[in-house]
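Asker: So you can see what is in the structure, the chains are spelled out below.
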Amino acid sequence: MTASQIIFYIISAFILGTAILSVTTRKIFRSAIWLLFSLIGIAGLYFWLEVEFIAAVQIVVYVGGIVVLIIFSLFLTQQAGKEMLKPPILRSIASVLAVLFGFALTYYLIYKNNFQATDRNFDLSVKKIGSQMLETGENGYALPFEVVSILLLAAMVGCIVIAIKSKPEENNG
Amino acid sequence: MADIPISHILFVSTALFFIGMYGLFTRRNMITMLMSVELILNSVNINFVVFNKYMYPDKLDGIFFTIFIITIAAAEAAVAIAIIINLYRSHRSIDVESAEEMKY
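Here the protein sequences line up with chains L and H, keeping their order. Counting in the working numbering, the first sequence runs from 1224 upward without gaps. Counting in the working numbering, the second sequence runs from 17 upward without gaps.
Don't read these hints as lab results, they were simulated from the structure. Please note: incorrect hints may appear among the correct ones.
Listed below are several chain H residues computed to face chain L (Cβ distance under 7 Å; list not exhaustive) [to be verified]:
hint, residue
1, Asp19
2, Ile22
3, Met37
4, Tyr38
5, Phe41
6, Thr48
7, Asn58
8, Tyr70
9, Thr87
10, Ala93
11, Ala94
Calculated lysine-lysine pairs in the BS3-like style (CA-CA distance at most 30 Å, straight line) [claimed, not checked]:
hint, chain 1, residue 1, chain 2, residue 2
12, L, Lys1309, H, Lys119
13, H, Lys69, L, Lys1350
14, L, Lys1305, L, Lys1250
15, L, Lys1388, L, Lys1305
16, L, Lys1351, H, Lys75
17, L, Lys1350, H, Lys75
18, L, Lys1335, H, Lys69
19, L, Lys1250, H, Lys119
20, H, Lys69, L, Lys1351
21, H, Lys75, L, Lys1335
22, L, Lys1305, H, Lys119
23, L, Lys1250, L, Lys1388
24, L, Lys1388, H, Lys119
25, L, Lys1250, L, Lys1309
Glycine is no exception: its CB is placed at the ideal position from the N, C-alpha and C atoms.
Required output: the full structure, derived from the provided sequences and hints.
Answerer: Here it is as structure tokens:
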């Protein structure tokens, strides 16, 4: 085994282990912290794949944004040290079975398909991403870029409208 | 890099997807369900990047899909948390079972 392979298996084991802990631990705050580690592991996997730009975006948006948002909302909505209820035993067994069968079927299909890597080189430069993102030609992504910017604006306004505290009636009159 | 077959990387992403599904099936707390959804979206992102890098290296479409998925996941998490906080104000609980009156 080369060093690259060993690093890949270590990163994969880290991602899967922390993800399993994140969905099985009964303390909700620990669950959020395990999710944080799992997302960092995925960023490490992107670094291993040599797509540094995606790895940086992953760290900035997921680790720096979404997990912090989740932890804030945990503190706003409940006691972080409290244990969650155990799921009913029947539901746990049924879920494990469903997940195992689904995983076996999907991985069987992937294994049968036998994807082969091409030996052409992959060059990902930020300059290429940027120029293709704003190109209006055949391979350009200018329209999705604009649509996503509108979506972000709508999401921001929607969040404020949904979460705003409505004034009690007696203050108005 | 080519010494790891693609199927091993796809094993990681498939396993991550079904771990997220397990969390979605067993949890009844809205925030933990949201965390499971994030895991599922991440496994999809790994797939896009791997297919783009190993099978279509002269294009960048998978990278763009990954970037757009990350953006939409951020917007989705923000809206979901706003809804959860609003629900907590009216029901004092973020359990999905306690919100079942919204069905009718």
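Asker: What are the numbers of the hints that this structure violates, sorted from low to high?
Answerer: none
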